[in-house]
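Q: Residue numbers (my numbering), protein chains in the order written: chain A, 1 to 323; chain B, 1 to 256; chain C, 1 to 640.
These are computed hints drawn from the structure, not numbers from a lab. Possibly wrong hints are sitting among the right ones.
[Stated by the list, open to error] For the chain A half of the interface with chain B, some residues (derived, Cβ under 8 Å), not all of them:
1. VAL112
2. PRO177
3. PHE192
The structure displayed is predicted, hence computed values, not measured ones. A virtual CB, placed ideally from N, CA and C, is assigned to each residue, including glycine.
As a plain string of letters, each chain reads:
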Amino acid sequence: MSIFLVLEERSGRVSKASWEALAAALKLGAAQDVTAVAIGAQTEALAAEAAAKNVGKVVRVEHPLLARYSADGFLLALEQVVRREEPKCVVFPHSYQVRDYAPALACRMGQVLIGDVIAIDEGPIFTRQLLQGRLTGTYRHRGDGPCFVSVQAGAFRTDSNALERQGGAAAIERFTPEIDAAQIRTKPGEPFREAAQTVDLGSAQRIVGVGRGIKEQENLKLVEALAETLGAELAASRPICDNGWLPMERQVGSSGQTVAPKLYLAVGISGAIQHLVGMKGSQCIVAINKDPDAPIFEVADYGIVGDLFEVIPAVTEAVKAAK
Amino acid sequence: MKIVVAIKQVPDRDAPVRIAPDARWIEERDLQWAMNEPDAYALEEALQLKERYGGEVVVLSAGPERVGSTIREALAKGADRAIHVVCDDLNARDALGAAKLLAAAIKPENPDLVLTGLQSEDVGLGQTGVIVAELLGLPHATLILHVDKTDAGLKVKRELEEGWFQEIELPLPAVLTIQSGGNKLRYATLMGIKKAKTKELRSINAAELGSDSAPVVALEKIAAPKKQKTTQILSGSAKEAATTLVEKLKTEARVL
Amino acid sequence: MIHLLPTFAEPRHFAPGEKLLFAALAAGSFYAFWRRFGPILGKILHSKKDAGFHLAPIGRRVGDFVWEVMLQAKVIRERPAAGIAHALVFWAFCAFALVTLNHCAAVFGLGFLDPAGRLGRIYFYFAAAFALACAVAIAGLFVRRFVARPKWLGEVSPESGWIAFLIFALMASYLAAFFVRGDETAVRVLWWAHTLTLLIFLPLLPHTKHLHLLLSPATVFLSRGSFAQIPPLADDEDFGLVAGKDLTQLASLQAYSCVECGRCTEHCPAANTDKLLNPKSVVLGVRAYLNEYGPASEEPLLGKFNAQEAVFQCTTCGACEFQCPVGIEHVPIIVGLRRGAVNTGEWEDTYGAKLFLALERGSNALGMSATERDKFVEKNALPIFDGTQEYCLWLGCMGGYDPRGREIVLALVEVMRHLGVSYGVLRKERCTGDPVRRLGNDLVFQQLAESNLAALSQSKTKKIVSICPHCVRTIQEDWKAYGTPPEVEHHSEFLARYASRLRLSSPQEQGTRGAHEKIVFHDPCYLGRYRDVYDEPRQVARLAGELVEAPRSRERSFCCGAGGGLAFLGEEKGERVSQVRAAELAGTGAGIVAAACPFCNTMFRDALTQVSESRHGAQAPELLDIAQIAARGLAESRKS
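So here's chain A without its partners, still in its complex pose (with noise of 0.2 Å):
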């Protein structure tokens, strides 16, 4: 019984968060019976990355109507595949267009999708996170019907040599869904950034805060150094933008905006309750401060006491020597 693996595309490049993807199906079968998805209009490319990976077979699901993204789109072309195809399960990577339309695909076989799963056991058994990663629960698919699974990004390593395919290419197969465009029901638009004129630190991913600890105004090139390499945004506490180094917009704090980036480094800052509340909710804090007793520690995954003079452009290379 196959498993599906269905790919996402990231700059023409199959998404890397799609091979994590490839790792947990691996956990569900054998390599042999994974039959790599990819979908679009232009699959060529796609399929070839995949067909170079340890799959069984790969078929490109091509339309014309594919070219962007739609659920509905999507959902029509991925459904006749798996209705034809009959696999046991179908993995996806929890990205934010399968949960676009994974859930509607599953509601439609009359199965429910087991999203975001962080571990995969003997059985099978899913893992996945509840109450915003406080509790976790395991999940067991019942009853009859392929078992539809996504998994988050970052639960499955890519770096073992299961992924590395033996031998030469696996088989390529097309499949051409039928799709009319009345079907499609959403018009989506291009993707677009926000227009740079302001700090937007509340979309900031990564953030660098500076803080009392710098002590100059010119100290803060060590800091926007460090900020380019990571590529972040630049955020203060309120005694920095008082002084005029900052524009007031980049304060992170009580009075000023509130952020929750995937990683926030404060510099020189010591954790008054003020810049506090600000930053709180960051997924992950690294502190650097000299004060070993600052309150910023408390708060913190990761710390280093240190002088920032020093440890700042450390971290600064060892960062581009990670790149």
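Here the structure of chain A is known, so what remains is to put chains B and C in place on it, guided by the hints.
A: Just chains B and C now, kept in the frame of chain A:
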């Protein structure tokens, strides 16, 4: 525009999380309950749409008796009337089972628009809205931050990964799942609570809405996650600590 | 001997024509007076009744009346020179009551004070003394207002000049009558001069701020009952001061009593830092509203005469209300206006909404998870209150979640342990609701008060000690609307009781460290003016060194800027209140600034550093809560 907003009552974020003896769910005894935050944003979007285009906002929620307080909160914030699907076994249903209940309650209302939050703060599946759309045969869009009405239907702003956005046009009627943070939430006021007392709150028993099928996906057990949050202080020279930090950010925290 | 002194001369008899003329003029004067005063009185009486107003205890009211009105104590104490001058004018008016009555009665032959008789003579001399003092005083006040022009009196008003002239004329015409004995014409002329001045003065009263002559004694007598008292909402339809129909009789009476002296504005932290808010303007705005729209109007109060923005710049420090010599209660008016904006959802403010939403769902005003407080309690092994300990130590939002607030709590805990006093902290606390109460959100406040009262009664708490004057005030006063709160005191009151056991060794024995450290105590608004506690924290602060006073201290203490919910709102406009006060405190040259409120502490932390930095990198004074001073003292004595 007639808008139905589906909201869920979830355990308060501050609530102490204690696993029930049978490990199937948490102890609900001493919990405080609150409106699911993404649903609060959905309600806010609905109220703003009503302020701009006129119409009616109907709030809908499924769950036991206690859900009434959250429904009244929605009425106090400005919803016009409410429907409570009384259901004591919401936890035992899977996403499809829950969505079937909601879809059955929504169908007779014939709304122009159905809004719900992106996902719930307790189970966090993020699927109910999409499944409801599928069951009702309506077009949908997810992760919506902003909604505008057009002659042909709606134009919405959708969030994409990594700081990208997209505009989507779709016809009415439709279903949208709303992302948190798109609007500023309004606070509950004394005047709102007073007005809410005279608004209609209709209760329907889940049984009246049709049979429920056995769940295809079952939550078997819950447990505390293995890793707890502790602060790791990285020692060594600046260079050593920096290297360790980057390593951990890459592999452990997975934010690089 | 008494015959040698000049005698007051008045016409012996009046011709029928004169009597008629007098009657006609008097009638005209009264009519003109009533034409203006009648409607004002009507507006006041037609305003809504005050919910929860009680005349009892009448003793306190009589006491306030005697102290503030008869003895003019507030008028004199807060602005001595001008105050005494005003007092003399007032006392002269009182003394003249009988004289004026006699003056008018004499026209119809009903005079009861005989200038030749013994009693009459004494009384006329008595009045003359006051007349002289009054004439000098009013002349002095005229010079002050029109020549010296102090800032707080605002724009020069010509009407004040006319009134001053009339008063002077009254006194002068009276005094002159002592020196014209024998000259019948002069006597008659003076008499008529005095009479006309009087009859012109009367109708002018209700047209000017001198209306206070009639109203302010009543205003002082009819105050709400306690300082900065926020009245209960009358019923389901009451959302606060939304429109004219919500103005109560007290509010209207107070609006018409304003004498525009500007003492409120002079002491207002917002007005002193170039903000829109001006307490005098708020009150006069209400008066202007009543004059234009009346007390039944639906027109919003925050509109033509008062701005919403101004009203939300108030820290509720109470300096305005405290200063007011005519009994105006500014705080309930401002909070009432805020209520009108918040309870109806009119007020749209990002930070305000965030605060309200945080407390709708959560336990604290900072929006932090309650587990943070749990971790703090656990990490420091603070005992949990179980009903057996003497005190329940209330952490509050600052004590539970703010790093500095926590330091204060730990210092207090150290002292309590040393003193062997049993205490415990509650397992769960919700915010007392102070910020939302002062911002006018009655919905959230009610929820917080009720849930806290229920939890406290369940935990059998009898006595609470708290590090925060805001918590103390809210628990003791504001929660009363929803139940019976337990006894509560501020930690300065607690520590002062044990001051003798906290004393360091004498300064001589202390040697080098701290013996001659100068220390300045900042009176928190909610401890000083609100609770009348000034000495207890000083008893503790004294442990650290020599106490010096800031220029504005005790009941004149200048707010730190955090009150009224403002600590939770966004950036303030104009100069920062906290910096102005920090500069004043640092300017005393003290090495230690002692605080007794975690909000003051937070506000001064950055402000003191900034102020010192701007003074060419001078060393910032150390900022310590009195609990920390007490704890430090213990450590010291343990060392020695």
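Q: Give a verdict on every hint.
A: Now for the hints, and whether the structure bears them out:
no.: 1; hint: VAL112; result: holds, 4 Å
no.: 2; hint: PRO177; result: violated, 18 Å
no.: 3; hint: PHE192; result: holds, 6 Å
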